[in-house]
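One line per chain: the protein sequences are G and H, in this order. Count along the first sequence starting at 1, add 283, and that's the number in my numbering. Count along the second sequence starting at 1, add 283, and that's the number in my numbering.
Think of the hints as simulated: they come from the structure by calculation, not from any bench. Certain hints may be false.
[Claimed, not checked] What follows is a set of in silico ranges between Cβ atoms, one per label pair, in the way DEER data are often shown:
id, chain 1, residue 1, chain 2, residue 2, range
1, G, ALA347, H, LYS596, 49 to 55 angstroms
2, G, ASP332, H, THR521, 42 to 48 angstroms
3, G, ARG582, H, GLN326, 21 to 27 angstroms
Just so it is clear, the structure is predicted and the values come from calculations on it, not from any experiment. C-beta atoms are modelled at their ideal positions from N, C-alpha and C, and glycine is treated no differently.
Number of protein chains: 2
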Amino acid sequence: MKRISGLSIDELQAFYNEAKQQYSAYREKGVSINMARGKPSAQQLDLSDDLLNLTGAQMGHFAADGSDVRNYGGLCGIPECRALFGEMMGVPADNVIAAGASSLNLMYDFISQCCTHGTGGCDPWIFDENRKFIAIVPGYDRHFAIAEHFGLKMISVPMTPTGPDMDRIEEIVKDPSVKGMFCVPKYSNPDGITYSPETVERIAAMHTAAPDFRVIWDEAYIVHDLYEEKDELANVFTLAEKYGTQNRFFAVSSTSKITFAGAGVSAIAAFGDTLKEIKERLSLQIISYDKINQLRHCRLYHSVADIQAQMEKHAAILRPKFDAVLDILHAELDGLEIASFNSPRGGYFISLNVNTGSAKYVGKLCLECGLTLTGVGATYPYGVDPNDANIRIAPSCPSVEELKTAAHILCAAVKIAACEALLGIKS
Amino acid sequence: MKRISGLSIDELQAFYNEAKQQYSAYREKGVSINMARGKPSAQQLDLSDDLLNLTGAQMGHFAADGSDVRNYGGLCGIPECRALFGEMMGVPADNVIAAGASSLNLMYDFISQCCTHGTGGCDPWIFDENRKFIAIVPGYDRHFAIAEHFGLKMISVPMTPTGPDMDRIEEIVKDPSVKGMFCVPKYSNPDGITYSPETVERIAAMHTAAPDFRVIWDEAYIVHDLYEEKDELANVFTLAEKYGTQNRFFAVSSTSKITFAGAGVSAIAAFGDTLKEIKERLSLQIISYDKINQLRHCRLYHSVADIQAQMEKHAAILRPKFDAVLDILHAELDGLEIASFNSPRGGYFISLNVNTGSAKYVGKLCLECGLTLTGVGATYPYGVDPNDANIRIAPSCPSVEELKTAAHILCAAVKIAACEALLGIKS
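Bound-form chain G, shown alone (with noise of 0.2 angstroms):
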């Protein structure tokens, strides 16, 4: 296809034109399609139904060592459990801490122990008005609401193919009130990048002014491989411990899209004074985890070839509707120079960038259709894309047959705001 911005004005109406007829075909059709958040679908889910039909005769009620899990106690969460995330999570056991069903709440608790307590024996970030976080865009929406709630002003470092901007990110830490970041290391939300180990290395060696800067280390997708060819990534506490900042770090992954979102087992790791923190602050907060929970899981599950397992039949469900969405991009916006994405190996979105200042009109044009999609600023802090040109697309619940419909509207909806900036028409 030729470069949009080639065309003479009548070839570009036609374009126009045609853009309009599809866009509306769908529109008389009527479609309710919703492609908002990352969820796996009900197939998905399915996958993991021996975990309800696990009876008690077969789970039994002892953790391996002795605990009965129907009872208080174990803050830390059961042996097994620790030992399975510690392997996924390439950490010891002992520095894990086996927990509930959501990640999110755990690094919620976490910035809000920060911000009443402090961390490394420094003063609780609450009391720093000038607070700040490093927000890397396009990002997690919960994550910058997570900031946003605790009043950590915000500064926008933009992702690359590696990684985020490692030197803008060296630059902005010499600010001591700069008390941290999220990242989602692997296959990234919404880019899917996976952060490079020079990247990662970076994070872990770089100096910063604020003795108390912690990363929150997101492995929502650390197993979430689609293709054969996967990400890899980088061990960043086996980094850290080289230079000496292993209390820089707070990881968390989940099996929330392992089996069940909301429903599964939650887990830190972390090191040192950070873990110790951590577990003192439990100690008061909790008796004990969901250890039953636990223990069911870790009867299916018993090592990460296990989770592997599970993971490709997850990958067998999600890679055609990423290949669908991906094909039609391919073939309606290839060559147009008015959009540019992602082909991600793994994780749960693909991340579409249109002509600045017209993410907000397709997604209007989206919604008119019957089309929803992750509401257009959410990837940026505070919920806007200075560029409005961001696009985070979530094809896992839909199924293949929708997702090509709506990747046909989304294409219809990216040409008709292309063509209406160029040809001067108001939206």
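Fit chain H to the supplied structure of chain G, relying on the hints for placement.
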């Protein structure tokens, strides 16, 4: 038996020798009994094994509102679980949030929220250097620990047979820095006292200088009757409605001592702005709680009647344990005027008050004999009982035989301490 202080020195010495002999016999035998925490016994946990045996086919995976419990969504929990707790706690289902396994976690998070974000439109508590909380004593150590953790200076108010001393509370709340209190209004921990309707009404009616005064209403033992004659607790929200103070109350309950301790379901009941603030915070903290476990519980417990049937089974196990301890306390201590204790109609504890200045020594004697009590002092703020008099007995976990041994050891220790004080023997 005769008052100890009415004995002659010879009689006292003989009584002392007898107690020491009894104590030494147990010490030589070597026991190992833990009565420290209010944990259910394995036999009680067995009562809920049907929850473990419920298969996916029996349970299904759709809640009453058609939502798939295996997936994200439903911040406030599934409707049938909200309704069940609503019935239990005496509030409409709309005023309930069905949550995860731990009500302690819910209380901690609410205090944390008040500290960082304030409540009722007032300033965050953390910015008030004089922030205070009322501590009803004796009380639950974990409540006190949360208050201490958040720097809420505790002002002790004694329990009376009808609940906390309301005259004192009404005085204390004239200080605008007094921000609230924890209450266990039914079968209080450790006294087993249920607040009288008048006490509940005064808590609802009282004028507090702090508009953001909050009462953490911990309904931990709301259905935990032991005998046919049950205590009745007035509905605090109904009374609060009369006085326009519904916002004042944050109530929680859980199935920890109904089904599985630490793997049950907990819930919040709240009204108006208080409920709104909690929902707003939760929308940032978590995507949804474990709805599978909620549905699992609702498949077996459809109403409070079902729960009461379960509680009768618990009572059948617990009652002989309470009776065994109480019978021995009566037989060994009545009339001596060296100790007093309650005879609760429900809950998990017997509260024993010994002579001023001797509780720690009694605890030490018991420990040296192999009997672990709840840390003496734990029932008071900062772990310090100013009278050194209160001992919490938790009879749920040991067997009846063990409890008999434990009660004999405890009585011997109480007698030894009393005699030594009168005889001027330095311990």
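Violations among the numbered hints: 1
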